[in-house]
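Novice: Whole structure, please, built from the sequences with the hints as guidance.
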Amino acid sequence: MADLKVTVYTPESSLRNPRRMLRDMFGDLLAGRELAWQLALRDIKAQYRQTALGLLWAFILPLANTAAWLLIQHTGVVTIRDTGIPYPVFVFTGAMLWAIFMDAVNAPLQQTVAAKPMLAKINFPREALVLSGIYQTLFNAAIKLAVLIPALWLMGVTPGVGLAFLPVTVLSLVLAGTAFGLLLTPVGMLYTDIGKGLPLLMQFFMFLTPVVFPMPSAGWAATLFQYNPLTPLIVTARETLTGFTPHFLGDYLSVNVGMLALLAVVWVVYRAAMPILIERMSA
Amino acid sequence: MTDTMIKVEGVSKKFCRNLKRSLWYGMSDLAGELVGRRHGGDGGLRRDEFWAIKDVSFEVKRGEALGLIGHNGAGKTTLLRLLNGLIKPDAGRVEVRGRVGALIALGAGFNPILSGRENIYINASVLGLSKREIDSKLDAIIDFSEIEDFIDAPVQSYSSGMHVRLGFSIAIHLSPDVMLVDEALAVGDARFQKKCFDRIQKLQGQGTAFIVVSHNPYQIESLCQKVGVMHKGCMPPVCDGKQALNLYHDLVQQSLPPLGRSKTDYREGTGVLRFESLRVVDANGQEPNVVNTSDTICIVADINAEQRLSGLRFRFEICSANNAIVIMATANGVSESQIFEGKRSVSFTMSPCQLTSGWYYINAVASDGKVRLDTWQRALEFRVTQRDGPGRNLSTDQGVFVCNGHWDFMSCI
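Protein chains in written order, with the working numbering: chain A, 60 to 342; chain B, 8 to 420.
No more than 25 Å apart at the CA atoms, straight line, and that leaves these computed lysine-lysine pairs for DSS-like: (1) B:K14 <-> B:K209; (2) B:K144 <-> A:K104; (3) B:K27 <-> B:K239; (4) A:K175 <-> B:K27; (5) A:K64 <-> B:K14; (6) B:K209 <-> B:K144; (7) A:K64 <-> B:K68; (8) B:K209 <-> A:K64; (9) B:K138 <-> A:K175; (10) A:K64 <-> B:K138; (11) B:K239 <-> B:K61; (12) A:K64 <-> B:K144; (13) B:K138 <-> A:K104; (14) B:K68 <-> B:K209; (15) B:K350 <-> B:K377; (16) B:K61 <-> B:K14; (17) B:K27 <-> A:K255; (18) A:K104 <-> A:K175; (19) B:K27 <-> B:K61; (20) B:K68 <-> B:K14; (21) A:K175 <-> A:K255; (22) B:K14 <-> B:K239; (23) B:K144 <-> B:K201.
So, partial list: chain B residues that the calculated Cβ filter (under 10 Å) puts toward chain A: (24) L89; (25) N126; (26) P161; (27) D189.
To be clear, the hints were calculated from the coordinates, so they are not data collected in a lab.
Nothing here was measured: the structure is a model prediction, and the numbers come from that model.
C-beta: ideal position from N, C-alpha, C; glycine also.
Specialist: Rendered as structure tokens:
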């Protein structure tokens, strides 16, 4: 009986004891793996059981986005510079990759808000929610890619050996999206402004990233594109899909390191925030 | 090695009444936490805050059950949430040993679209069971919930009783070292409740420590060795069941408004004769705040008859809080032959009053045998208490009357 785990709750900030905090963080991450899997299964099953279109929903939005931009380009409302590859390929890959990133951004807040009643009453590893969101994003990403790759092949694009690195580039997008989404989650739990403002913000971000049109070559816009950490992620992912050698490999690597660091920090914030947020929710 | 499973030392928790401000405090608490400040600040209250729990201490040992009773909003549920680690204390220290289970949000996390079986896996993993453990307990869970026939139907087709039964069944199969129970024993029908009750006692026998929140003092008395009475966030030292329940009854009575006229009185009748006032007085003619079971009381009504009336009938109905007429005191014989005119008074004496503790109200009715002259409903509310003393037994304190009968014990011939 002496081996029972003793849990102590005090008003002390958990950051006061970093060693214990780290141990708890990884302990909970391990303990939450199975729960995360169960939650992801639950959400995926429930999500597709109650739809007629089913898996179509995983890529219907980027598909519509692609169609809209093709129309805009075709009618000549907006002139788009040469993209190096056929424009439909450019915009389709961009829209799909961006949709994967968006899924990852939305997941932490969505998962945590949806789990409010559970959070307020049951003590379970909170990491499971984030992990479950990642699983679901990856599942939906797999569907998107399963549509995208044959479509590219039909359009005459041969990815080549670069395709082997596609999973890595997709994981980078999910990593960046999760880090960013998790950053907003604690405040988003208190103020719904975050949830409401996020689509707007992301729309703006999309136009600063070479998703539907290529990078400008000069001017302040070009500088913005260059400093946008999402640029190397999207560009590199597209290059692995379309058989180009990566242009921004150095930037791509440093963005990944930066995103990992950000994720570690926001994970700490998320953990520390949970009891405080739950206190402000109804029981 | 110690036997203490839960140790709570001087724990306090404050809440905020104002939503906007509460959110803002949440933000500043979060910022404070991240720079390593203590939660709860210097121990003072900010604007619109109040102590939901103030300086509560107790211990629960292996196999023990602590009952928590108190009014709504006394802080019982908040205390459970602190013990479960859902929220941080603003002061003090909570120590819990072993796996903590909770019979609280029964069926939280159920997805309505998925089947009962699928939801067992999800709910049980939320509660901390691994897939292997669930596999081995699945049959027992389904069996206990008694919904084998519906286990593969989507949960949204379940009745609310089935929903809660499934939730209870999962939670109870967790075999935790510490179990928190919040008003969860009112599940399903009487037979299922009995089953839950037995199960809890079995777990208790196996060494699980319980904390049980309930509004039902009798449930607490039968399940718990120790009871804490919570009142406005405070809890006097934990005591044994009887003592605590006495304390609780006193609290219930203190919190009631003083004796007086109800606001919802209702009049009906021709009005030729009217009740002008009604009061309850004791043997000395004084109006008491509280009536005691053993007191002599007298219900006195002042009446005013506008003309000469005879053949009058008077009736006082004493009703309990649940609107049942407990005593119907009718004056026929004498008053019928009397002639009434102008101001008079009518009284009815109960010696002793014999009512058990609780709320009562009085309806006064006057008629002339043919028509209602005046009906005054809820003319007066009054409260009865039973003084502590030999023979007083709270668990049998449920009747309406204390009867002055006597027992005989004889051997059979």
